[in-house]
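As given, the protein sequences belong to chains B and X, one line each in that order. Residue numbering for the first sequence follows this note's numbering, beginning at 96 and increasing consecutively. Residue numbering for the second sequence follows this note's numbering, beginning at 229 and increasing consecutively.
The reader is advised that the hints may include incorrect statements.
[As the list claims (entries may be wrong)] Derived DEER-like restraints, expressed as beta-carbon distance ranges:
{"hint": "1", "chain 1": "B", "residue 1": "SER227", "chain 2": "X", "residue 2": "LYS336", "range": "39 to 47 Å"}
{"hint": "2", "chain 1": "X", "residue 1": "ARG358", "chain 2": "B", "residue 2": "PHE301", "range": "25 to 33 Å"}
{"hint": "3", "chain 1": "B", "residue 1": "GLN302", "chain 2": "X", "residue 2": "VAL540", "range": "45 to 53 Å"}
[What the hints assert, rightly or not] Under the rule of at most 25 Å between Cα atoms (straight-line distance), these lysine-lysine pairs were calculated in the DSS-like manner:
{"hint": "4", "chain 1": "B", "residue 1": "LYS218", "chain 2": "X", "residue 2": "LYS319"}
{"hint": "5", "chain 1": "X", "residue 1": "LYS303", "chain 2": "B", "residue 2": "LYS218"}
{"hint": "6", "chain 1": "X", "residue 1": "LYS406", "chain 2": "X", "residue 2": "LYS233"}
{"hint": "7", "chain 1": "X", "residue 1": "LYS566", "chain 2": "X", "residue 2": "LYS233"}
{"hint": "8", "chain 1": "X", "residue 1": "LYS336", "chain 2": "X", "residue 2": "LYS303"}
{"hint": "9", "chain 1": "X", "residue 1": "LYS258", "chain 2": "X", "residue 2": "LYS233"}
Just so you know, these hints were derived from the structure itself, not from any lab. C-beta: ideal position from N, C-alpha, C; glycine also.
Given next are the chains, with one letter for each unit.
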Amino acid sequence: MKIPHFGRRALLFFASLLFALYVLAPIGWLVSSSFQSEAEITSVPPHWIPEEPTFENFATIFTAKDKVVTYENRKEGDTATGGFIPSTAKNLLPSMWNSLVVAVSVVILNLLVSVPAAYALAKIRFIGRDSSIYFMLTTRVIPDIALVVPFFLFVQQLGLLDSKLSLIITYLAITVPFSTFILTGYFESLPDDLDKAARVDGCSRFQTLTLVYLPLALPSLVAVVLFTFLTSWNEFLLALMFTQTLASQTMPIVVASFTSDFNISFSFINAAGVLAIVPPVVVAIMFERYIVSGLTAGAVKG
Amino acid sequence: MARIKFESVGKHYPNGFVALENLNLDIADKEFLVLLGPSGCGKSTTLNMIAGLEDVTEGNLYFDNEVMNIVPPHKRDVAMVFQSYALYPNKTVYENIAFGLRMRKHPKDEVDRRVRDAARRLEIEPLLERRPDQLSGGQRQRVALGRAMVRQPAVFLMDEPLSNLDATLRISMRAEIKQLHQAMQTTFVYVTHDQAEALTLADRIVVMRSGVVQQIGKPDDIYERPRNMFVASFLGNPPINFMDGTLAMEGGRMVFRRGQLALTLPPHVAERVSGQAGRAVVLGIRAEDVASHSGESTDDCLQGRILSVLPVGSDQFLEVEVEGTKLFFRVGKEGQHKDGDNALLRVNLNRLHLFDKQDSQSLVW
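Bound-form chain B, shown alone:
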């Protein structure tokens, strides 16, 4: 059976549309409801487009007062938004800062470790090279939850509980093997002769890496940056275990705490959710043109 050209394209278009809808609808609702008051969110039927758009939710985040919600005053609500501001609202911005510090540190340290490691694995022949690559991969097979207890003891012994450093160290343990694997695949796809040519031309190993390979590996570097940034930005389980106060609590922990208060404000949580997706989206837009090629290059060869 041959589907006519036009029919085929229409079908593809329709399928893509459906998929886009599936992916975008929750985000659309998140964004839309962050501009709605609590009363409007809970109205039936729901409004996709806010009838009375309000910035109050965002305003509260940036001006959250040190207000304790108790059993006595829990019913007062917040007249401005018609919502109920969680007692931990003021923690949101500091925790975002924590998340950013952790994510950026993880990205930078990750690159510092995985780039030279991948170059060595891809271009230098040594005994145990293949087994090291597979060994690193097997670490990705172990679910994080299995590592929580050992990680916890490790962090505790180092006296790093409730410190951002504990998160940076453990996130590196999770992300470095995968980034190294992606980069190794990409470096392997670049010809060995380039490496030789550069070294004969007068580059040391390190200069070969920085002056010749890195500019060529930009797409896969971007993939790695995105992967590590998102992994640490979104990570919840380990952060829940190791953090206790605002000294180290990251955004997912604080957002989650909004649902365990006396009152739950959907509008406020959604506004926080919108803020949470801003940094990853900004990073993605910055590197947009490299993302596809970077991911596929690693995948095909790896």
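We have chain B already, so just place chain X on it with the hints.
Then chain X, alone, in the frame of chain B:
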């Protein structure tokens, strides 16, 4: 200026594979040396050792009188041209050529002068601002040559630089490389599996096989006086013919005999094998060392049935069956030959090769 010396050099891999065994070789300053052999013979390994891209696991490698075994590539004064060209894809032609000079911290105006100079000589000036993916194979090859040339290195290494070019371009580039060697007055080490390239370019050829040197010598030596059957068969197009047989004394003369065929050995050969009648040997006849013969058969003639005639313009190739062996010859166009005919071919006895049947070493040279 560099003289390169290999002293019992070997390359053994941890898995037991031996890429190169006991290489002793002295490459003179300004010499054009060609390493020739089939793939996997260790020729590229040898070249990479000179460049410092592979470790020397046994023996010593010297530049002049200095041991170079563990000197990294960037501290050796060598330049290299690769079969794949290995141009930096993200840099322009100009940047590609200038890169080596910049790495060695030459002043900016000198870099510019040298790059433009090389580009002029290689006739790639109009291409300087392009990127490698916008160039043809031949142009890329020139850029690769330029990149090595500007460095004015003590040793110039080439790893099958012409293998990716088409046939016509390959022949013209051969001439250019030869000129380049004369102009640069430096040591060239050139790796190839193409015997024609080796014969045209080399001052000396090193024939290698499975990591072992088979013969070192001037192109003529290698071609005319091969030490063993491998060297004899590796050079020559179409390849040399081999025929098993025995030595025999007949009528006071030493002859090669196989069935009805008897070829009288020339004095210089007979002398080497005197008193060895009955010894099993292999006779080698180069394709071009026969000529069509008319009239009576003499004691330097081959007789056989023609299996096929292949005209190749200037000459014709004959496939002849002699005493159960298929032989391949090149003869002039004058001789009228047809498939199925009986051919009478006169052999140039002075150019016969004789090898031992057991160890395939030459009995003549």
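Do the hints match the structure? See the list:
no.: 1; hint: B:SER227 <-> X:LYS336: 39 to 47 Å; verdict: 43 Å, holds
no.: 2; hint: X:ARG358 <-> B:PHE301: 25 to 33 Å; verdict: 29 Å, holds
no.: 3; hint: B:GLN302 <-> X:VAL540: 45 to 53 Å; verdict: 52 Å, holds
no.: 4; hint: B:LYS218 <-> X:LYS319; verdict: 21 Å, holds
no.: 5; hint: X:LYS303 <-> B:LYS218; verdict: 20 Å, holds
no.: 6; hint: X:LYS406 <-> X:LYS233; verdict: 23 Å, holds
no.: 7; hint: X:LYS566 <-> X:LYS233; verdict: 54 Å, violated
no.: 8; hint: X:LYS336 <-> X:LYS303; verdict: 21 Å, holds
no.: 9; hint: X:LYS258 <-> X:LYS233; verdict: 13 Å, holds
Hint 7 alone, counting from the list given before, is not met by this structure.
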